[in-house]
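> These are the residues of each chain, in order.
Number of protein chains: 2
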Amino acid sequence: MKRNFYSSCEWPTEKKSLNRGLRNRLFKFKKEYRWTGIKIEKYKAEGDDFEGIIRQVLVGNRGENLHFHLRYFEISPGGYSSYEYHRHEHVVVCIRGRGRVKLGKRTIDMNFLDTLYIAPGTPHRLYNPYNEPFGFFCIVNAERDRPEKVKI
Amino acid sequence: MKRNFYSSCEWPTEKKSLNRGLRNRLFKFKKEYRWTGIKIEKYKAEGDDFEGIIRQVLVGNRGENLHFHLRYFEISPGGYSSYEYHRHEHVVVCIRGRGRVKLGKRTIDMNFLDTLYIAPGTPHRLYNPYNEPFGFFCIVNAERDRPEKVKI
Numbered sequence: 083m084k085r086n087f088y089s090s091c092e093w094p095t096e097k098k099s100l101n102r103g104l105r106n107r108l109f110k111f112k113k114e115y116r117w118t119g120i121k122i123e124k125y126k127a128e129g130d131d132f133e134g135i136i137r138q139v140l141v142g143n144r145g146e147n148l149h150f151h152l153r154y155f156e157i158s159p160g161g162y163s164s165y166e167y168h169r170h171e172h173v174v175v176c177i178r179g180r181g182r183v184k185l186g187k188r189t190i191d192m193n194f195l196d197t198l199y200i201a202p203g204t205p206h207r208l209y210n211p212y213n214e215p216f217g218f219f220c221i222v223n224a225e226r227d228r229p230e231k232v233k234i
Numbered sequence: 083m084k085r086n087f088y089s090s091c092e093w094p095t096e097k098k099s100l101n102r103g104l105r106n107r108l109f110k111f112k113k114e115y116r117w118t119g120i121k122i123e124k125y126k127a128e129g130d131d132f133e134g135i136i137r138q139v140l141v142g143n144r145g146e147n148l149h150f151h152l153r154y155f156e157i158s159p160g161g162y163s164s165y166e167y168h169r170h171e172h173v174v175v176c177i178r179g180r181g182r183v184k185l186g187k188r189t190i191d192m193n194f195l196d197t198l199y200i201a202p203g204t205p206h207r208l209y210n211p212y213n214e215p216f217g218f219f220c221i222v223n224a225e226r227d228r229p230e231k232v233k234i
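Residue numbers (my numbering), protein chains in the order written: chain G, 83 to 234; chain A, 83 to 234.
In case anyone wonders, no lab produced these hints; they're calculated from the structure. Hints may be right or wrong, so weigh each one.
Which copy is meant is left open, so a pair is good if it fits within one copy or across any two.
Below, a list of computed lysine-lysine pairs in the DSBU-like style, where the Cα atoms sit at most 30 Å apart [as the list claims (entries may be wrong)]:
1. Lys126 to Lys233
2. Lys124 to Lys231
3. Lys112 to Lys187
4. Lys110 to Lys124
5. Lys187 to Lys110
Generate coordinates for the entire structure from the input sequences, incorporating the hints supplied.
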């Protein structure tokens, strides 16, 4: 584990028998929807069915016992995520700007703190037809199936 | 399941074989940090070690396959949650006002979108010494142990 990547807001717990060395962590919110100690990543390693979208994984991939991952995605004006479906569910919470979601034959608008549950098997794409960034948390089970692309 | 409790923003998915009747759901954000179709609940069924705190469960307790629950808590000025610890972890995201967290011997401040990972076994209490409501998401594993009170 690379320690120098982390911010200084990290400290041990006091009930050591319970935590297997896990540490409390505070990820301070910064300008432009970044957080201390969190890096900006590609949306996906490869693919050509998305545009203008980045990812930050806040919690869930550092050896925690959590059964979920909290990720932040941001879509630039004109950008969009892959159009796909999978067995696992999404919980999406809009926290920056506004955007739209294509859910099969339906389209919904998302504004600040609107919260969307995407049921298993629903073809979905998030996109940003507006002039400001569209940012949202997406919470998922840690163990989940791989997405399948939807042919349009 | 009481159907009339829900908002109208609910519709079936299209890949029926995958979803066991689960439906997409949009919980629209409303004034005063409420969401369509979500009821305000007591913080806990009983107890006298907390004050001025309410709960809304957005996602996770309606038969979904999710391995987590997304809850929103709000603490009134002067209020506080129980001082407790447990094996399960918390992920806390401040979305309204600001507040403080006692984490064992430490105290941290939380402001908008600051994100806190509370490791297993950490005695913690969230409280609001300010004049505006302090609201935060708290995401937890669906399966989790019962908290133990900390004697002060």
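> Hint by hint, which ones does this structure get wrong, listed from lowest number up?
Those not satisfied: there are none.
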